[in-house]
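Asker: For reference, the chains in residue letters:
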Amino acid sequence: MSQLKINDLVICLNGRHGARYSELVVFADDLAELTQLRIGELPLELTPLDQVGQRFTFREQGRPFILEVSEAGTARLQTVTGDKPPSSAMKQMQDEALGAVSSAALRNAVAKKGGGWAAGLVLGLMLGEPLSDDSASRRVLALRFDAAKKRWSAYDGGLVRWMKRELAPVEA
Amino acid sequence: MLTPVDGANAPRLITQGEIEVVVGHYREAMARYEEAASVLEHRLRRELRAAAIKTLVLSRAKHPDEVRRDLEEQRASEDPAEPELTYNKLSADLNREITDLSRATVIVYHPIDEQAAFEMILRRFPLADVPHPIEHQQDRHRGSRALVEIDESFERPSLEGSIVEVKVASISSHIFNELGADIGFKADTDEQPEDVSEGIEDLLYLSRLTDRAVQRLLEARRTRLFDASEPLDNPVDLRHALEQMVGHTLTGDFQRLYRLLDTVVHPFTAGALAALGPAEKMLEQGAEIASGLGLHETGGDDDVLCYTLALMPAFGPEFQELAKNWRGPTNDIKNAILGWKKPSP
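Protein sequence lines correspond, in order, to chains A and B. Per numbering that gives the first Met the number 0: the first sequence ends with 171, consecutive numbering throughout. Per numbering that gives the first Met the number 0: the second sequence ends with 344, consecutive numbering throughout.
The shape of chain B in the complex, shown without the other chains (with noise of 0.2 Å):
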């Protein structure tokens, strides 16, 4: 922890001495904080590949220089009467009074895929208690940002009750809003160089052609499943292919129900899993099996294990094998399918 200087107690604006000081601890904390989001970069990565959704995962801590920046930048624009920032709370925990010190990226191919990323990270990780936790940019800059906390589940005891800023944005947003931010918005704007307005109205124009451009791509993989022939060759298009069916999006582990549907199905194509059943009424019937078996809350959002579920009547035997068998951690869908008991006749 922080120990405040001499005269620090009162209720001010924070100064230009305090500032350095709070840099140069953050500065011998630092690897601290890297850690923080490298751990929640590795687990991110991992659900987001269960959920197949498509990803680039980034992470790290802010930069000493950038925690200055930003200090001195809230400073000048605080009253001096009525300071929020003070020297006294950011020692007593900074990482609450800034709580982007550590960062994740997650980058997505859409802002559809955008939408799903970002609603598996607020059902997988525990939101930080702090003011907003939550924001969404919809405006020129656009993206999802969750201030997430570090808790026990992690079974890192050291890092406990740290905060990692958590950002979600397509490829093209994510380019505008880093060179935004870095060049374009940093000046005011009414002093904004015009070649530099110029270029970052380029710059947003170009943005939305491409998540056009990636929509229509999608799209084009997505209709190719309405061919019952067409093999399902990952996790990605055993989504892609059960939203279609259903008509809207589908959570839960996806890279786990393909590897249990592509060792008992042969050939595994959109059509056999329309041979298996309508998906709509089977998730219907999965919720209820989840009820049944104490799976309240699971079942309620948890899609691929309703499905799987739904499934164990025709499969049970063979998925009950397999799940013996799974290496690490119990998970929830591992449970459930060792938990289902054929009903008696």
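If we strip away everything but chain A, and leave its shape as in the complex, we get (with noise of 0.2 Å):
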């Protein structure tokens, strides 16, 4: 069962140390509004930015933040940079369009995790800025959240090189 809502990763991005992250990536199969996408229900907040249902925006306490969902198994939350928030001229999908690339991804997302996976594990990586100007490495910082208190706190345990892998890959 699908243990985060998109809420709680505003949440996590809006209150955790500053503006040293801008992005939070988990695991698509963790994220409730993906669950509705799939069989092509539009969450309320949700307004799609392309004609795949891969990319949408929603506005949180007055702040613009855009989801992308990609194939691969990941929700990824960004917070916009600059004035302008993105436009959106997509309102009206097939509901097929639109759950096409969730599905994917929700598939994709267990697969990755196994059949094994421990049972309320939700896992999420945060993503900053490059550590230097010329430098290929940026701030992370791998958490887990508690959905009983719907807390996220740091983690550092045997799974951070696999998160990294697999939320995070690195271009080559």
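These aren't lab readings, by the way, just hints derived from the structure by calculation. Possibly wrong hints are sitting among the right ones.
BS3-like mimics (lysine-lysine), calculated; alpha carbons at most 27 Å apart, straight line [as the list claims (entries may be wrong)]: (1) B:K61 - A:K148; (2) B:K323 - A:K148; (3) A:K149 - B:K323; (4) A:K111 - A:K4.
A partial selection of chain A residues facing chain B, derived with a Cβ cut-off under 10 Å [to be verified]: (5) R106; (6) D133; (7) A147.
No residue lacks a Cβ here, since even glycine has one placed at the ideal position from N, Cα and C.
Please dock the two separately framed chains into a single complex, following the hints provided.
Answerer: The following block contains the structure:
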């Protein structure tokens, strides 16, 4: 069962360590709104940004965000920088188009975790600025979500390297 | 404690019968010596792993036959008029007279690691209050030896005061030392059969050749880390990369530092480490911060702690959140992280 809501991601991005991080990536199957998208239901707060059901925008407390779903099995929430919020030209979409990417994302996320995945374990990776102007590495923070307490905490367990590889693959 | 037999109070050479009594008592108490060796082995393994020094750690108590043999050999070499080894001394405290009843052996890849491992042992373990608790061999035999005493920090009251001999040697030196001692150096050298002498010489040559081959392998691995895009896959890589940056060996809990940095940097590469800042300067900054936190002694000889403190302005909130969740007994690096405060602007 999906244990995260978009609002949990927003709270995490807004609340942790100021402006050091601009993105939060989670496994797609942990996000409740993607389950809705898979069956063609567009959550009220989301506005599509493309025709394939991959990028969405929404506002929370007046602040614009972008939610990007990847067929690889992840969902990425980004804060929008700059004055201009993203324009939403795709208000009308077919249900099938809306659910295609989410469906693949959910399938791949479940496959990556495997059948023996620890029940209730929800992980996320915050992404921040590069370490320096010419560095290919960036600041990140691995997190774990406590669904009962609705709270994120820093995670340095044995899955960190795997999380980094799966949630923020390095481009060759 | 052993009970002196009748007439054993005069300082005289131990008799064969007394040796047998000593060996008998040792046999009865052997489980305790095995336990002491095992406790130290576990602690050694933990500390060496934290220091990112790859080793094989073994432990055992000396076999009663070896105790008997050593006592007999020592008896044979002593001056009967002024014997060092007496039954009285042995019966008063066997472990202080024979300090290698409990033994641990640390086998490292290369003599360079031998130095790092031995220095770590001297820093992190209490030495026994006996004559010559440290010994280095750099002749045909190569290795280092320390006599460690189990104290209250081991939280094993029944073993407190036990002495454990810790030997550190490279793989090749260990093989040469063991075989050489077992086969080659028993008999007087003049009487040693020619084939044994030749075998020992071959072994010595192979041992040195192995050291050189291992050194080339280690250098190849270190050279790989010159590439900025090369991932740091484990605490050993991190130690090597930092040591390359500063040009000398470093001390501290690299396992912990690796865990911290791998959680907050992606991808964690040699280049990322360079982007964090010049390591030598950071170590100096960290030592100053350690001093400010009242960690004068620790700050002076724990490079990882100093480096971590220098990273705190950049990663302070993250490191503090992580350190709060660390389980197990508290440690210097955890205390330093949690005790750090953001300097006021």
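Asker: Starting from the hint list further up, note which numbers the structure goes against and sort them upward.
Answerer: Of the numbered hints, 1, 5, 7 do not hold.
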